[in-house]
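Chains as they are written, first to last, in the numbering used here: chain A, 1 to 496; chain B, 1 to 544.
These aren't lab readings, by the way, just hints derived from the structure by calculation.
Be aware that one or more of the hints could be misleading.
[Unchecked claim] Derived, one-sided and incomplete: chain A residues facing chain B with beta-carbon distance under 7 Å:
#, residue
1, S63
2, I67
3, I151
4, R158
5, L169
6, V177
[Unchecked claim] Just some of the chain A residues that point at chain B, by a computed CB distance under 7 Å:
#, residue
7, E139
8, G150
9, V162
10, A170
11, L180
12, Y181
13, A184
14, Q185
15, Y290
16, I293
Note that the structure is a prediction, hence the values are computed from the model and not measured.
The beta carbon of each residue, even a glycine, is placed where N, CA and C say it ideally should be.
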Amino acid sequence: MGPITLTVVTPLVGALLLALAPRSRDRDVRAVGLAVSLATFAASLWLLASFDRTQPDLQLVESFTWIPTIGARFAFAVDGVSLVLILLTTFLVPLVLVASWRSVDDRLVGYTAAFLVLEAAVIGVFATTDLLLFYILFEFTLVPMYLIIGIWGGAGRRAAAVKFFLYTLAGGLLMLVGLLYLQAQTGTFDYVAIRDAIVSGRFVLTDVQQAWLFAAFLVAFAVKVPLFPVHTWLPDAHTEAPTGGSVFLAGVLLKMGTFGLLRYAMPLFPDATTTFAPWLLGVSVVGVLYGAIVALMQADVKRLVAYSSVSHMGFVVLGTFALNDVATTAAVVQMVNHGLSTGALFLLIGFLYERRHTRMIADFGGLAKQVPVMAGLWLLVSLSSLALPGLNGFVGEFPILLGTFATSRPAAVLAAFGAVLAALYLLWAYQRMFHGPLETDANRTTTDLTRRELAVMAPLVVLIVAIGLYPGPLFDLVGPSVDRVLGEVAAAGGLR
Amino acid sequence: MTGTLDVSFAALAPELVLTGAALVLLLVAITRGRPQLVLLPAGLATIGLGAWVVVGGDLVTGTVLAVLGAAGPALPVVLPGRPTLVQAWGAGLALAAALVLTVADLGTVLGGDGVPLTATPAFGGSLAVDGLQLFTRLTVFLTTLLVIPLGYGYLQERRINRAEVESLLLLAAVGMSVLGGANDLVTAFVALEVLSFALYVLAGLARRDRRSQEAGLKYFVTGAVASAVLLYGLALLYVATGTLAIPEIGAALTSVLVPRAVVVAGLVLVVVGVGFKVALVPFHFWTPDVYQGAPTNVTAFMAAATKAAAFALLLRLLLVAFPGLQAWWVPAVAVLAAATMLYGAFAALAQHDVKRILAYSSITHAGYAAIGVITLTRAGLSATLLYLVTYAVGTVAAFGVVIAVERRRRGEVTLATLRGLGRTSPLLAGILSLALLSLAGLPLTAGFIGKLEVFRAGVDAGFTWLVLVGVASSLVAAFFYLRIAGMMFLEEPTDVDGPLADRMPVLSTGLSSAVAVAGALVVVLGLQPQLLIELAGTAGVLLR
């Protein structure tokens with residue numbers, strides 16, 4: 001068993017253990033959940049250690065037969081992009097589980113098991129090289145996430161869970177038709193084989209075929225990202241999900257969309273990629289600005305962060321389709337950054353909500369005097385999210401704008417306004433919540449972060465600062481793989 | 001075809017076992033209290049028949065028959081003195097034997113050095129022993145075997161567990177499996193009537209329940225009309241081609257000498273007649289009422305097994321008799337399939353009774369299965385067969401849970417009834433959700449594999465538009481399946497029902513084991529479908 005399989009299987013084993021003992025004490029369930037997720041993180045570190053940075057293509061290949069008649073396999077391999085996303089996933093899950101120790105006590109076994117299963121599926125999505133298995137896992141993530149939102153979420157959780165489920169299913173099913181068509185044409189579900197055949201010109205799709213297939217894949221991924229105008233499930237899902245669900249959704253699940261674009265939509269349909277790219281730049285810019293403007297107007301701070309996700313993920317797609325190594329590499333880095341800073345924001349919102357049972361900005365005020373540690377962290381994370389130089393957001397967002405400027409000046413200029421707006425809505429919210437007079441009794445009695453909560457925040461803060469000051473290793477890890485993808489798009493005569 | 005009648009009982013061994021068992025069970029019921037009077041001679045006769053079959057060369061069949069014969073008289077000694085329980089066990093054992101025979105046949109197909117069993121005619125060509133028949137047998141016997149324990153306690157509680165229930169189920173299964181192999185028009189029609197008559201009675205089993213009465217009557221009336229239409233169509237085909245044998249009709253239709261108008265009229269009537277049986281829109285309208293009114297175990301049986309058998313007939317007629325008329329029926333059936341998928345899904349949205357929702361869902365699924373039919377490829381045929389099995393296990397599991405809840409409620413199961421079931425009995429709610437996810441075609445369940453294969457065959461054959469319609473209807477269907485699952489897991493139990501709300505659904509050994517097996521099949525076929533896909537693939541090659 002290689003490092004990838006181990007990383008996928010560990011959380012599954014943990015979930016199975018929990019399922020076998022459904023009546024365990026809450027303490028034990030929490031301990032098992034944490035232990036398993038840490039073991040998974042350790043396995044992913046082994047994966048990192050085995051990874052050869054100089055080699056840009058998919059590596060550490062593992063393959064097991066599954067349904068030979070259809071040609072579907074349990075095939076895994078990672079490149080730099082999938083590796084960092086796997087690490088992000090395994091890094092966030094222990095934090096999410098510990099963060100939920102106080103807030104979740106109903107059906108705790110189910111909650112923990114759902115997260116572990118979800119983790120395994122997401123790691124599988126990032127690591128598989130079999131198109132069918134990719135679709136299966138991509139779609140399967142809906143089930144645990146639906147349960148997490150629907151069972152442990154807020155007041156409007158049912159509608160939000162259904163909306164989340166149906167939106168994503170709709171996109172996914174179109175992708176299924178697309179990949180069945182691709183399989184009918186090529187006779188295989190093996191991603192590497194199809195990609196190599198396309199890159200080498202042994203297999204040619206006409207422009208029309210490419211356009212339709214690209215569109216089918218794009219819809220699935222655009223819903224997941226989510227790209228304007230199919231983002232409308234996100235604010236509800238984010239707002240209603242329990243804290244852990246929001247963190248995981250923003251941190252990891254959205255990345256499946258941008259990952260899919262980069263891994264599948266671009267190299268498989270290079271001509272369509274270049275044809276669609278200008279349109280996608282336009283749509284991303286609209287998403288960046290729209291998300292930011294709507295975020296500005298939110299009264300609920302969790303909703304505000306949800307809309308900020310629409311804006312930030314717009315940046316990621318912008319960078320991806322700028323199609324030059326500066327912007328596209330930075331887009332991948334920004335995926336990680338968004339996962340860290342938005343995840344951290346959702347955690348803080350969750351901690352505050354546990355104390356106050358409200359998320360309305362108007363209900364707070366002057367909290368900085370009362371909860372200085374939380375306020376400080378909130379400010380730091382907000383600054384990271386609005387891309388202050390020296391923190392992680394900057395090292396992603398700035399090269400995205402820089403690279404996009406080379407491809408399309410108007411897109412870069414307009415998107416830059418999104419960055420300005422981000423400063424506005426995040427700092428304004430911070431100001432209204434933490435500064436000003438400390439008036440109401442509720443605000444005067446709010447308590448600061450506990451040690452457990454600090455322990456959850458600490459690793460995030462460390463990474464936020466570390467990536468901000470020393471982003472080199474992350475870029476080195478991602479760069480070669482992104483260059484390779486861009487090379488594949490270019491090889492098909494796509495790049496100007 | 002030869003002049004002499006070839007009586008190859010081995011080809012009909014499973015059906016013979018079941019028919020024999022049905023008759024014995026009826027006799028036992030008649031001589032209630034003194035079963036030995038019947039069982040002993042019947043057992044001896046079965047042993048004799050088995051010996052004769054062994055002498056005839058078929059060792060497996062003969063041995064099974066002989067063992068059954070020997071075991072028969074011992075049954076009342078071993079089993080408790082409850083006549084209906086003995087019946088259920090008897091029927092179950094007979095079905096198990098039939099299933100073993102079928103699997104043994106399929107084993108020969110896949111066995112050894114990969115030499116496939118050749119499709120052979122039996123009974124002078126009236127019966128085709130081919131992949132379609134073997135696979136239909138598999139689906140039908142498996143479903144029936146699951147349905148018998150599923151309904152035992154339920155019928156008992158409703159006091160409608162009459163002596164004839166098991167016999168009727170067995171006879172219906174016989175009709176279905178013969179239908180799967182029926183290779184001439186008369187055999188097909190007789191088999192269809194055998195299964196229909198048994199089902200008419202079963203649907204109206206709960207005589208004191210108005211809904212069940214209505215179901216029985218409605219099913220009978222619409223079924224009779226459908227049979228008449230079908231018979232008219234078959235007659236026209238005979239008139240036009242001068243033969244009853246389905247392959248010969250296929251051959252005759254390629255010639256220009258056949259009167260086109262008559263043949264096309266026959267085709268239309270046949271499609272309409274079989275359309276009724278598989279419930280294709282617009283011939284589906286009886287389904288919701290009948291499915292809702294019939295005792296739930298009968299509904300499960302109708303939804304899962306009848307559909308498989310009727311599809312076998314549709315497949316054989318369209319692919320063997322009518323390939324020459326593809327230009328006529330392929331577009332027509334494609335439109336019917338599209339309408340069926342969409343209508344079933346949308347109509348289910350407005351329903352609140354769970355049985356009705358599942359009835360509309362079964363309509364939708366007929367549309368999906370039909371995609372495989374119109375592709376005119378072996379892959380499509382295999383996909384339809386596979387789809388029907390995956391649909392059957394999911395449906396049986398779903399109705400099984402409905403039965404458990406119904407037994408607690410002693411009344412109909414609406415969406416509101418299921419509120420908070422995930423809290424009161426998480427396992428049961430989990431299995432129902434699993435079945436629903438499978439019916440919705442979500443990955444890692446049996447239903448996904450069925451849908452995948454059907455979609456794949458559709459895209460391969462160039463029916464991408466139809467697959468896209470299927471996608472749209474899957475989405476709508478996912479909504480109402482999800483609504484049921486959400487009702488169970490996302491809502492808390494209310495105390496509208498008073499103390500009943502906290503009470504667990506009633507589970508008997510039979511019910512829980514059947515539901516567990518069906519649920520397990522949903523998972524296993526979803527995770528490791530290779531064997532079934534291979535079987536279906538071989539079955540597709542073996543047609544004709």
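Quiz prompt | chain B contact restraint on L169(A) - CB to CB distance below 7 Å | solution = With a minimum Cβ separation of about 6 Å from chain B (threshold 7 Å), the hint on L169(A) holds.
Quiz prompt | Closest C-beta approach of V162(A) to chain B relative to 7 Å, hint status | solution = Hint on V162(A): holds, closest Cβ of chain B at ~6 Å, below 7 Å.
Self-check item: chain B contact restraint on A184(A) - CB to CB distance below 7 Å
Solution: With Cβ-Cβ at 5 Å, under 7 Å, it holds.
Exercise. Closer than 7 Å between Cβ atoms is the bar; does S63(A) clear it against chain B? Give me holds or violated.
Key: 16 Å, violated
Quiz item: Quick one, is the Y181(A) hint okay against chain B at 7 Å, beta carbons?
Solution: 5 Å, holds
Quiz item: Would the stated hint for I67(A) survive a check requiring a Cβ distance to chain B of less than 7 Å?
Solution: Holds, because the Cβ-Cβ distance from I67(A) to chain B comes to roughly 5 Å (cut-off 7 Å).
Practice problem: Closer than 7 Å between Cβ atoms is the bar; does V177(A) clear it against chain B? Give me holds or violated. | Solution: Status holds, d = 6 Å.
Quiz prompt | Hint status (Cβ of Y290(A) to nearest Cβ of chain B, threshold 7 Å) | solution = Cβ of Y290(A) sits 26 Å from chain B, so the hint is violated.
Quiz item: Once the shortest beta carbon distance from G150(A) to chain B is found, is it less than 7 Å?
Solution: 4 Å, holds
Practice problem: Using Cβ atoms only, decide whether Q185(A) comes closer than 7 Å to chain B, and label the hint accordingly. | Solution: Cβ of Q185(A) sits 10 Å from chain B, so the hint is violated.
Quiz item: If you take the shortest Cβ to Cβ gap from R158(A) to chain B, is it below 7 Å?
Solution: 5 Å, holds
Quiz prompt | Interface hint for I151(A), Cβ within 7 Å of any Cβ on chain B | solution = 6 Å, holds
Violated hints for the displayed structure, listed by number in ascending order: 1, 14, 15 and 16.
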